[in-house]
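Chain residues, written in single-letter form:
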Amino acid sequence: MKTMRGESGGPVQVIRMSFMFRVQHLLLMVSLFVLAVTGFELMYHENRLSRFLIDLEGGILNRGIIHRAAAVALMAQLVFHVFYMLVSRAGRREFREFLLTAKDFDDFLQAIRFNLGLAGEYPRFGKYGYKEKFQYWGATIGIFLISLTGIVLWAENVSMRFLPKFMLDLTLIIHGYQGLLIFVILLFWHLYIVHLHPSVFPMNRAWLTGRVDAEWLREEHPLEYEKLKGEGVL
Amino acid sequence: MRGTVWAAGLAAALVLGGQGFPTQAEARISLEKCVICHGKGEFRKILVDGKIRDLFATGDSLKGSVHEKKTCVDCHFDVSEIPHRARPRRVNCTHCHYKGNAEGAPQSDASLDYFGSAHGTAIARGNPKAPLCQDCHGNHQILKAKQEGSSVAKGRVAETCGRCHIEIYAEFKTSIHGVAVARGIAEAPACTGCHGEHRIYSHLDPKSTVYATHVAAQCSTCHESVSIMGKFGIEADQVATYRNSFHGVADRFGSKTVANCASCHGTHDIRPSSDPMSKVNPKNVPRTCGKCHPGANPNFALGKMHVDARKKESGIVYYTALFFKYLTIGTMLALILHIFLDMYGRTRRLRGEK
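Line by line, the protein sequences are chains A and B.
Quick note: the first sequence uses numbering that gives the first Met the number 0, first residue 0, plus one each step.
Quick note: the second sequence uses numbering that gives the first Met the number 0, first residue 0, plus one each step.
Simulated from the structure, these hints should not be mistaken for lab results.
Built from N, CA and C at the ideal position, the CB exists for glycine as well.
It is possible that some hints are incorrect.
Derived DSS-like pairs: lysine-lysine, alpha-carbon spacing no greater than 25 Å straight-line [stated by the list, open to error]:
| hint | chain 1 | residue 1 | chain 2 | residue 2 |
| --- | --- | --- | --- | --- |
| 1 | B | Lys-255 | A | Lys-164 |
| 2 | B | Lys-311 | A | Lys-164 |
| 3 | A | Lys-164 | B | Lys-303 |
| 4 | A | Lys-164 | B | Lys-290 |
From the structure, some residues in chain A lie toward chain B, with a derived Cβ separation under 8 Å [what the hints assert, rightly or not]:
| hint | residue |
| --- | --- |
| 5 | Ile-53 |
| 6 | Tyr-121 |
| 7 | Lys-164 |
| 8 | Asp-168 |
| 9 | Leu-180 |
Using the sequences plus the hints, can you model the full thing?
Shown next as structure tokens:
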């Protein structure tokens, strides 16, 4: 298999993540990390590591302040992201790539069939395959939902005006498990797609450089590769 | 008649008396001299504020008390002249009550905690109303705390404290703990059960057992115990559910403003939630919560307060937690399964390409 070479001799690369997306990804990463750490500290407050971290943050009240500050950052990003995806030209173009279609579900089923040895051909993906799309929508909807329960808990004095006690207990349970669920999905799904997958191991560097090898694109996202070729980008 | 009793007392003192006791002769001399005046029934002094100080004391005064074998000057050791030139000072119990004493007093320094306590420091600051040992333990008729008649026995200590803390005594008397103590329930706490005995501090003093961050631990000493609570049909996991709540976690990490047990249930006036006067009666819950959460409404009082999501009785909370638990485990397994399938398929795909 010959590797495509660019004019400078290095492999030919194409832009996969624009600057705006890299910034958004970075902010998302930081705020999710802070939220997960400060959130699980509370959820598992008996744990010695949690207690150490809470002390490090300067007490349980500071933990809450940090958690809510990161939550505000995350929610602001979500609002910005929605506008960016729906209003800006670059965002709209990306949004179209992210829209779920019947093909994605077909791809998903066919991938499973292929992996089980029941189908002869692995599905051919566009810029984003079902793995990326499911993750994107899962994360976006998850962040939206966890924000809702988070706001109910944050504005406890307002919530207590309308809700019975068990609704707040329920909200707390749901908020905690939502966090755990998002964490699990990120850990197993995202880690696999961009770190552990043999084609990108140890890491897909697009989140830093914005670029991926055209060769990688040809293998993992052939439809996108052909589209770029057709447009004359490659 | 009195003479016979006296002789019996002296005989007992002679038989049982330890080292350091006055000899029989000395004791007799001391007592004979004292009762010349103090043995008269009308021997009393009218103080400037109009109060009457009864000065009557005879050989019978100590009878039956822990100091039965003592004589007047063992405690009133500053008295050496009759009539007394200066007013005899209040008795200083630490003369004998310290560890290593040779007087036969209990070998314990526990009482020394008193000097750092709210009462001891008040005395040291010169507050004439603050209590000394004898104000709680009694004067001549001192009994062991375990003896029922003692002024510091569980059944009577509230009354003793109430001589000064009268409003608190009134609150406590009708509270669930007060009623239980009055009924003779051994597990129920009287004043000292929560506040400690000699080491009583203001609830604003971090050394206090009832300081904001210590309240939960103090209540838990009994309320966490299944064996104690089981006897009275009270749930013992109220403690655990509190510890896992926002309030409990904040309390555990040192918040002084967060609600502890007493913030909601009250302090001396704790009553069962079924009591309409209870702070945690559903009718009063909005007001109780409202102390910190303005706007808490009657709706909020619906249902249980101490909820454990791991218990079936918690209803929808339990089932939601259960649902999420299996959803999370299921998701995790599905993702792992998918990852391995995908890796396996990929090796096949690459092999096929070659």
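Results for each hint:
1. B:Lys-255 to A:Lys-164: holds (23 Å)
2. B:Lys-311 to A:Lys-164: holds (17 Å)
3. A:Lys-164 to B:Lys-303: holds (8 Å)
4. A:Lys-164 to B:Lys-290: Holds, at roughly 16 Å.
5. Ile-53: At about 6 Å, which falls below the 8 Å cut-off, the nearest Cβ of chain B leaves the hint on A:Ile-53 intact, so it holds.
6. Tyr-121: Nearest chain B Cβ about 5 Å off; hint holds.
7. Lys-164: holds (5 Å)
8. Asp-168: holds (5 Å)
9. Leu-180: holds (5 Å)
Figure legend: structure checked against the earlier numbered hints; every hint is met.
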